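Undergrad: Make the full structure from the sequences, and use the hints.
There are 2 protein chains.
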Amino acid sequence: MEHQHQHQHQYDHTHSHNHTTVNEEDAIQSEQLHLIKVITAFAYYKRHSLNHNHRRRRDYLSLSEHHKKLIPDYLDKVNQVDGRIEENMNLIRAIVKSASMFTEDADDEPEQNPKKQQQNPPVSPMDMDKVRSTLKQFVRDWAKEGECERKVTYDPIIQELNEIYKDLPMHDRGAVRVLVPGAGLGRLAFDIAKAATKSQLSGNEFSYYMLFASHFVLNRIKTENEYKIYPFIHSNSNIKSDEKQLDPVMIPDVLPANLLDTVDFSMVAGDFIEVYSQENNREAWDVVVTCFFMDTAKNILEYMEVIHKTLKQNGTWINIGPLLYHFEDSSSGDASIELSLEQVQDVAKKIGFEFKKESMVPTTYTSNPDGMLKYVYECAFWTAVKI
Amino acid sequence: MEHQHQHQHQYDHTHSHNHTTVNEEDAIQSEQLHLIKVITAFAYYKRHSLNHNHRRRRDYLSLSEHHKKLIPDYLDKVNQVDGRIEENMNLIRAIVKSASMFTEDADDEPEQNPKKQQQNPPVSPMDMDKVRSTLKQFVRDWAKEGECERKVTYDPIIQELNEIYKDLPMHDRGAVRVLVPGAGLGRLAFDIAKAATKSQLSGNEFSYYMLFASHFVLNRIKTENEYKIYPFIHSNSNIKSDEKQLDPVMIPDVLPANLLDTVDFSMVAGDFIEVYSQENNREAWDVVVTCFFMDTAKNILEYMEVIHKTLKQNGTWINIGPLLYHFEDSSSGDASIELSLEQVQDVAKKIGFEFKKESMVPTTYTSNPDGMLKYVYECAFWTAVKI
Chain A
1 MEHQHQHQHQ
11 YDHTHSHNHT
21 TVNEEDAIQS
31 EQLHLIKVIT
41 AFAYYKRHSL
51 NHNHRRRRDY
61 LSLSEHHKKL
71 IPDYLDKVNQ
81 VDGRIEENMN
91 LIRAIVKSAS
101 MFTEDADDEP
111 EQNPKKQQQN
121 PPVSPMDMDK
131 VRSTLKQFVR
141 DWAKEGECER
151 KVTYDPIIQE
161 LNEIYKDLPM
171 HDRGAVRVLV
181 PGAGLGRLAF
191 DIAKAATKSQ
201 LSGNEFSYYM
211 LFASHFVLNR
221 IKTENEYKIY
231 PFIHSNSNIK
241 SDEKQLDPVM
251 IPDVLPANLL
261 DTVDFSMVAG
271 DFIEVYSQEN
281 NREAWDVVVT
291 CFFMDTAKNI
301 LEYMEVIHKT
311 LKQNGTWINI
321 GPLLYHFEDS
331 SSGDASIELS
341 LEQVQDVAKK
351 IGFEFKKESM
361 VPTTYTSNPD
371 GMLKYVYECA
381 FWTAVKI
Chain B
1 MEHQHQHQHQ
11 YDHTHSHNHT
21 TVNEEDAIQS
31 EQLHLIKVIT
41 AFAYYKRHSL
51 NHNHRRRRDY
61 LSLSEHHKKL
71 IPDYLDKVNQ
81 VDGRIEENMN
91 LIRAIVKSAS
101 MFTEDADDEP
111 EQNPKKQQQN
121 PPVSPMDMDK
131 VRSTLKQFVR
141 DWAKEGECER
151 KVTYDPIIQE
161 LNEIYKDLPM
171 HDRGAVRVLV
181 PGAGLGRLAF
191 DIAKAATKSQ
201 LSGNEFSYYM
211 LFASHFVLNR
221 IKTENEYKIY
231 PFIHSNSNIK
241 SDEKQLDPVM
251 IPDVLPANLL
261 DTVDFSMVAG
271 DFIEVYSQEN
281 NREAWDVVVT
291 CFFMDTAKNI
301 LEYMEVIHKT
311 LKQNGTWINI
321 GPLLYHFEDS
331 SSGDASIELS
341 LEQVQDVAKK
351 IGFEFKKESM
361 VPTTYTSNPD
371 GMLKYVYECA
381 FWTAVKI
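As they're listed, the protein sequences go chains A and B.
Just so it is clear: in the first sequence, position 191 is 191 by UniProt numbering, and no numbers are missing.
Just so it is clear: in the second sequence, position 335 is 335 by UniProt numbering, and no numbers are missing.
Since the hints were made in silico from the structure, they are not lab data.
Note that the coordinates shown come from a computational prediction; the quantities given were computed from them, not determined experimentally.
Certain hints may be false.
Derived CB-CB ranges, DEER-like [unchecked claim]:
id : chain 1 : residue 1 : chain 2 : residue 2 : range
1  : A       : D264      : B       : P122      : 57 to 67 Å
2  : A       : I28       : B       : S62       : 22 to 32 Å
3  : B       : S100      : A       : G352      : 52 to 62 Å
4  : B       : Q313      : A       : H66       : 13 to 23 Å
5  : A       : H66       : B       : D26       : 26 to 36 Å
6  : B       : D26       : A       : S241      : 36 to 46 Å
7  : B       : L246      : A       : I387      : 27 to 37 Å
8  : A       : K166      : B       : V361      : 42 to 52 Å
9  : B       : S62       : A       : E25       : 21 to 31 Å
10 : A       : Q32       : B       : L61       : 32 to 42 Å
Here's a subset of chain B near chain A, in silico, CB distances under 8 Å, partners left out [stated by the list, open to error]:
id : residue
11 : E328
12 : S336
13 : L341
Using N, Cα and C, we set each Cβ at its ideal position, and we do this for glycine too.
TA: Written out as structure tokens, the structure is:
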């Protein structure tokens with residue numbers, strides 16, 4: 001897989017973008033700092049998670065003897081979680097190692113540096129949350145346990161693409177260019193490529209957590225079920241069965257490398273607006289597929305305009321997702337525009353889209369299949385054509 | 001309605017309880033401070049919410065003229081939300097006024113004090129979140145829009161009670177004593193009382209947000225649909241239709257005062273463990289009903305032991321709820337014990353409960369019926385008998 005890296009990725013979601021006040025050198029330096037921040041978060045996963053889990057041990061030991069006897073296996077579970085944190089770290093370590101193409105300091109794990117270990121981890125709770133979310137994204141995109149979520153959200157998109165190009169013979173689909181902004185760990189783009197082997201697929205992603213992890217799974221994993229991960233051990237709330245919670249999830253369920261040699265597939269790092277508003281992307285794509293992406297916008301009007309601009313005449317925009325605006329209550333001070341679903345569709349029509357199909361699709365997102373709490377999104381699903 | 005207030009409520013959930021190091025005078029002073037904190041949060045609702053909404057106005061004004069024209073009604077909606085915040089404040093003002101039985105300074109609204117207005121509101125985001133949650137609790141408990149949630153969680157409890165006492169004639173049920181810890185805004189206890197008019201019902205509640213609001217709805221509201229509230233205006237994420245979001249919810253759907261003259265119904269303020277582990281509550285209750293309550297425990301073993309102790313021999317514990325342990329990731333430093341559902345049931349058996357019925361019941365909790373994101377809890381529902 002080609003992995004273009006365009007130096008457009010200077011900041012995290014919580015930082016502001018302002019290209020008129022920073023020069024090119026500052027921008028590159030900011031990007032390096034940001035990269036190191038993400039790699040540091042990955043590197044501190046084990047230490048942070050062990051600390052977090054140790055609180056349970058302390059709380060158990062503060063119980064009366066009588067209460068301890070009522071839950072004799074409690075400490076055993078805490079210890080088992082420790083072991084599974086170590087196993088998760090095996091995957092994370094491999095991700096960080098494969099990210100060394102992005103930066104030089106990828107191997108600096110805190111355990112190997114006793115001086116650093118005495119200080120507080122230089123990682124915010126939010127960054128650590130993103131590391132844990134990355135583990136759950138692996139379930140959604142690359143484990144059989146994620147099949148249910150993928151069937152509900154990815155399959156309708158692929159069916160829609162098949163419907164649009166049903167009259168185009170398979171061997172002519174090499175000219176069809178499909179763009180997937182917010183590609184995450186890449187499974188949707190991969191499944192589209194698999195369904196129409198000759199298409200030119202391009203994923204775009206802003207988050208380095210996702211970029212490192214997708215680079216790893218798409219390029220470095222050598223066999224199916226190569227890694228065991230334990231994505232649901234970080235909270236003990238809403239757990240039905242300890243045994244199921246502690247069960248491993250095997251990744252990947254399919255081997256992406258097998259396919260990627262035969263298709264034209266690339267992943268572009270960077271902010272969607274910055275990359276795709278450029279002149280070389282004008283009317284460059286036949287289809288833009290947005291899946292759980294539109295609400296990552298600070299200004300969803302801008303997203304829609306860039307999607308419109310980047311599509312060829314009569315090109316298709318397929319969307320599925322909720323409207324959980326990521327910047328609505330952001331502490332970053334970024335401006336945020338929040339439209340209702342009705343408003344979004346109204347603006348899309350004004351910008352120059354004609355809606356062909358619309359429906360609502362309920363689905364979870366990176367949910368623990370065995371948990372007692374599920375976030376159910378009622379997603380808007382539509383196909384619209386650039387007119 | 002009798003409203004016992006036992007001075008057991010010294011601290012908020014985020015504070016620690018330690019009765020061996022504070023004397024009685026300190027305890028009363030702490031309680032007064034806590035009361036004032038909650039009343040202050042209610043009093044600042046309007047100012048805080050208007051500020052929060054004003055951010056949207058600022059962000060809109062920072063858009064290009066071209067973008068402003070694409071969403072010409074945006075500011076109009078922001079203004080309409082302002083008006084609805086004012087209307088919500090009418091209810092909140094009435095709640096605070098009726099809370100003056102608890103404290104002296106209930107009427108001190110920030111607007112009336114220009115000096116205070118210049119300072120930052122002395123209210124944490126978490127406290128303000130509790131005020132907004134209180135508005136949503138009114139929908140769950142006292143609006144027709146909450147009927148769906150009540151049918152799924154309250155009705156099975158009432159059916160179970162009817163089943164248990166089916167051989168007891170209605171006029172003999174005056175001796176049946178039912179306790180509802182975590183009674184919230186009181187609808188479950190009210191519905192139980194309504195179904196078996198002669199039972200002795202007692203709710204227990206720790207949170208002053210809930211206590212003030214339940215005191216108000218149970219004692220002060222004079223007519224059905226007396227208040228219009230707008231509980232879903234505080235976030236613009238996952239909204240399908242602006243119009244529906246801005247629609248009022250009328251409360252109450254039934255008038256509690258009508259019933260309360262005829263039944264033996266009381267609400268006890270205070271921490272469940274502190275109140276019900278006392279000797280006068282030993283073997284004092286025929287039924288304990290816990291609904292979305294067990295996971296409010298720091299130590300769920302203690303909750304189960306007190307439920308067991310407070311029940312008469314052969315008394316019944318009916319439970320419905322998830323296991324979202326409130327103190328799992330608390331910043332308060334409180335110890336927290338988190339058991340899986342299997343473990344909870346295992347411990348209950350060890351303590352001396354025999355399970356008669358068990359099932360799982362999926363339900364939302366204070367959810368926006370028209371929203372695109374729903375938190376769906378798979379609740380454990382059981383009936384267990386003290387042996």
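Undergrad: A separate judgement is required for each hint: does it hold in the structure or not?
TA: Hints, verified against the model:
Checked against the hint of 57 to 67 Å, the C-beta distance between D264(A) and P122(B) comes to roughly 60 Å, which is consistent with it. A beta carbon spacing of about 28 Å between I28(A) and S62(B) agrees with the range 22 to 32 Å that was offered as a hint. Distance hint check: the CB atoms of S100(B) and G352(A) are about 59 Å apart, consistent with the given range 52 to 62 Å. For Q313(B) and H66(A), the hinted distance range of 13 to 23 Å is satisfied, since their beta carbons lie about 22 Å from each other.
Distance hint for H66(A) and D26(B): a CB-CB separation of about 30 Å, consistent with the stated range 26 to 36 Å. Remark: the range hint 36 to 46 Å for D26(B) to S241(A) is upheld by a beta-carbon distance near 45 Å. Between L246(B) and I387(A) the beta carbon distance is about 32 Å. The supplied range of 27 to 37 Å therefore holds. At roughly 44 Å, the beta-carbon separation of K166(A) and V361(B) lies within the given 42 to 52 Å, and the hint holds.
Checked against the hint of 21 to 31 Å, the pair S62(B) and E25(A) passes, with Cβ atoms roughly 29 Å apart. Between Q32(A) and L61(B) the beta carbons are some 35 Å apart, a value that agrees with the proposed interval 32 to 42 Å. The beta carbon of E328(B) is positioned within 8 Å of a beta carbon in chain A (closest approach about 5 Å), and the interface hint is therefore held. Interface hint status for S336(B): upheld, as the beta-carbon distance to the closest one in chain A is roughly 6 Å, under 8 Å.
Interface hint at L341(B): satisfied, since its Cβ lies 5 Å from the closest Cβ of chain A, which is below the 8 Å cut-off.
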